[in-house]
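Novice: Okay, here's what each chain looks like letter by letter:
2 protein chains.
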Amino acid sequence: MAEPLSDRSQRILEAIIEEHIATAQPIGSKTLTRFQAIRLSPASVRNVMAELEDLGFLHSPHTSAGRVPTEKAYRYYVDSLLRIDCLDRERRDQLEQHYHRRGLQMAELLREASRALSSVAHYTGLVMVPRLQSTVFRRIEFVRLSPRQVLAVFITQSGLIQNRLIETSEEFTAAELEQITNYLNRAMQGLSIREARALILAEMAQEKALYDRLLQRAFRLSAQALAEQGDDEVIIEGTSHLLDQPEFTDLERMKRIFRAFEQKSLLLSLLDRGLQAKGVQVIIGGEIECPELAGCSLITASYSGPRGTLGALGVIGPSRMPYSTLIPIVDYTAGMISRMLDEELE
Amino acid sequence: MAEPLSDRSQRILEAIIEEHIATAQPIGSKTLTRFQAIRLSPASVRNVMAELEDLGFLHSPHTSAGRVPTEKAYRYYVDSLLRIDCLDRERRDQLEQHYHRRGLQMAELLREASRALSSVAHYTGLVMVPRLQSTVFRRIEFVRLSPRQVLAVFITQSGLIQNRLIETSEEFTAAELEQITNYLNRAMQGLSIREARALILAEMAQEKALYDRLLQRAFRLSAQALAEQGDDEVIIEGTSHLLDQPEFTDLERMKRIFRAFEQKSLLLSLLDRGLQAKGVQVIIGGEIECPELAGCSLITASYSGPRGTLGALGVIGPSRMPYSTLIPIVDYTAGMISRMLDEELE
DNA sequence: ATTGGCACTCCGATGGGCCGAGTGCCAGAA
DNA sequence: TTCTGGCACTCGGCCCATCGGAGTGCCAAT
Numbered sequence: 000m001a002e003p004l005s006d007r008s009q010r011i012l013e014a015i016i017e018e019h020i021a022t023a024q025p026i027g028s029k030t031l032t033r034f035q036a037i038r039l040s041p042a043s044v045r046n047v048m049a050e051l052e053d054l055g056f057l058h059s060p061h062t063s064a065g066r067v068p069t070e071k072a073y074r075y076y077v078d079s080l081l082r083i084d085c086l087d088r089e090r091r092d093q094l095e096q097h098y099h100r101r102g103l104q105m106a107e108l109l110r111e112a113s114r115a116l117s118s119v120a121h122y123t124g125l126v127m128v129p130r131l132q133s134t135v136f137r138r139i140e141f142v143r144l145s146p147r148q149v150l151a152v153f154i155t156q157s158g159l160i161q162n163r164l165i166e167t168s169e170e171f172t173a174a175e176l177e178q179i180t181n182y183l184n185r186a187m188q189g190l191s192i193r194e195a196r197a198l199i200l201a202e203m204a205q206e207k208a209l210y211d212r213l214l215q216r217a218f219r220l221s222a223q224a225l226a227e228q229g230d231d232e233v234i235i236e237g238t239s240h241l242l243d244q245p246e247f248t249d250l251e252r253m254k255r256i257f258r259a260f261e262q263k264s265l266l267l268s269l270l271d272r273g274l275q276a277k278g279v280q281v282i283i284g285g286e287i288e289c290p291e292l293a294g295c296s297l298i299t300a301s302y303s304g305p306r307g308t309l310g311a312l313g314v315i316g317p318s319r320m321p322y323s324t325l326i327p328i329v330d331y332t333a334g335m336i337s338r339m340l341d342e343e344l345e
Numbered sequence: 000m001a002e003p004l005s006d007r008s009q010r011i012l013e014a015i016i017e018e019h020i021a022t023a024q025p026i027g028s029k030t031l032t033r034f035q036a037i038r039l040s041p042a043s044v045r046n047v048m049a050e051l052e053d054l055g056f057l058h059s060p061h062t063s064a065g066r067v068p069t070e071k072a073y074r075y076y077v078d079s080l081l082r083i084d085c086l087d088r089e090r091r092d093q094l095e096q097h098y099h100r101r102g103l104q105m106a107e108l109l110r111e112a113s114r115a116l117s118s119v120a121h122y123t124g125l126v127m128v129p130r131l132q133s134t135v136f137r138r139i140e141f142v143r144l145s146p147r148q149v150l151a152v153f154i155t156q157s158g159l160i161q162n163r164l165i166e167t168s169e170e171f172t173a174a175e176l177e178q179i180t181n182y183l184n185r186a187m188q189g190l191s192i193r194e195a196r197a198l199i200l201a202e203m204a205q206e207k208a209l210y211d212r213l214l215q216r217a218f219r220l221s222a223q224a225l226a227e228q229g230d231d232e233v234i235i236e237g238t239s240h241l242l243d244q245p246e247f248t249d250l251e252r253m254k255r256i257f258r259a260f261e262q263k264s265l266l267l268s269l270l271d272r273g274l275q276a277k278g279v280q281v282i283i284g285g286e287i288e289c290p291e292l293a294g295c296s297l298i299t300a301s302y303s304g305p306r307g308t309l310g311a312l313g314v315i316g317p318s319r320m321p322y323s324t325l326i327p328i329v330d331y332t333a334g335m336i337s338r339m340l341d342e343e344l345e
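Same order as they appear, the protein sequences are chains A and B. Residue 0 is where the first sequence starts when you use numbering that gives the first Met the number 0, and the numbers rise one by one after that. Residue 0 is where the second sequence starts when you use numbering that gives the first Met the number 0, and the numbers rise one by one after that.
One should not assume that every hint holds.
What the hints assert, rightly or not - Not the full set, but computed from the structure, chain A residues with beta-carbon under 7 Å of chain B:
| hint | residue |
| --- | --- |
| 1 | E50 |
| 2 | S239 |
| 3 | F257 |
| 4 | E261 |
Simulated from the structure, these hints should not be mistaken for lab results. Just so it is clear, CB atoms sit at the ideal spot from N, CA and C, and this is done for glycine as well.
Required output: the full structure, derived from the provided sequences and hints.
Specialist: Put into structure tokens, the structure is as follows:
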């Protein structure tokens, strides 16, 4: 599996990849000789190219076209060749500008992040909204709206606020609600929403044993409040940038991609992978393991609040993407969001 | 301006429009003679067509192609020729299926509506989220999170729930917050959010006259809570259906449209127009008054909660759209949403 | 008023020929 | 052994000419 490419092969491969990323054209041997890094005749370059093709790094669309990098080449490039530039001043300023407005709610902040990503990167920005169920409970509050309607508001340690309208089968007085609120806030302190919910369901299972009628009702109420709820959890911005890519001439392919974008669960599972690793992650082409997104790559990074990882964000586009400029953008954005969440929540 | 088209001209115009909507092709005289409604020779049809072209209803892409309806033709068709079919059983069932899940929050309900519209109509669905500022205030509640953080939750008569995290410059005790809550709920009963905000700002202007220190702080707090806030107010679903339209071969045009979709404020102003009228409204081509959406049409209808109009929804796509099937779908969806909102909120 | 006929126009598909870019291979230079 | 210049070859893209079909406008006949 280990292919120790010679220094020369590496330089040529790198040049081909970068040139192809820039022009979207197949690259020929003569073009390459114009690079200073390559002081060789076209013929020599051709030999190397033939070799790289055998190794699976290049592909010829047809006999008399140049060569195009394969996904394997991009993988190798990202892993071994790429030196990640520091984010240049101009782009950094552009990114910063998006966050001037302070005091944004988390939801707005994340949307702004997606916009920032897409507009600075000129690619489609994705941001995964934190999964409520795995964040830590902080506070719950009930507001009585009418005899049979209660509004539950709960806040997580990471600052997510969620509210839920509950139709109750029995009435609660304001005083009862206050009692319930106090009890629950004590009982669920420090648990994740998921744990809190499990706790309540467990208690409810022993309901017969519960002599305290109020408690019984409290449990029922809070179970409803904490119920799993699949709100849409991926924010996509800048899909129109995809249309500017030359790859776009392939209509069918574009349709596939746009359809994939409408399946948020798909994107969610992709971003989920970015949650695992610490730094920036690059998923290339087939690694996405999703036929609709064939030929696409994804750059993701996770962001965190004061108490650990919250979610992931990134950009998506054709595999021929300027990894060296996009990686710092994604990285910086993730760091920035993390910082802003830290500040905002105590 | 009144052009009393002869019965024969009308029938021919109608046939051309419907055939063009179905096939996306220019229609020739011979094709038309295959319709039973038209018992004429191609030559006669040609005479009528020439006439219709002079009147501005038809357009020839070039000499030897058939004719294509102009926007004026679509306008005339929608206003005078179209008989709106009742929504057929199959489509109605499809729509109903989307709303099986009960107890949705309004935001989810609206998203589901957008999905339903797009998937049944095979067009792009738009739903405008109710404008908070113009809905009627029902209840406000403050929750103290930390010494300097207060969560404001307010609910409108129409059941919209909004929460806002407020950083306070001074501390509030729980008791103070409760007092403030009670006062505000009394003072703002029955006002729109906008009015409530105006009231508070007016009171604050006379701040010097306020001897009650608590009241003063209450005003400041609630002004922050009710501050205008431009959350994104249009839900778009099913953009990929646009890609299935034959018009899509015109790449530049599609790019324009997708870019327009990213400017939510644009769509908002369009849907706003739908708010004025009572029933279904059709906006055709140039009437949209927006160069990015040239050649597009929009079908909208308004939906309402128990206390009046809340927002608008609809579908958007190329002007060559099957108005007769889409209008009932939009109409039914608007009615359905209104009904569900009625039920849900008392 | 309607229709059949006819000449005309123009698009789009088809196919040949040419050009240029790029390749592989080989023999000779370094 | 490694590199390079040269050469024959391949193949896609472009230009152009041709041709058929669809549709039109107009006119004379019914």
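Novice: Where does the structure disagree with the numbered hints, that is, which hint numbers, in rising order?
Specialist: Hint 1 contradicted; others consistent.
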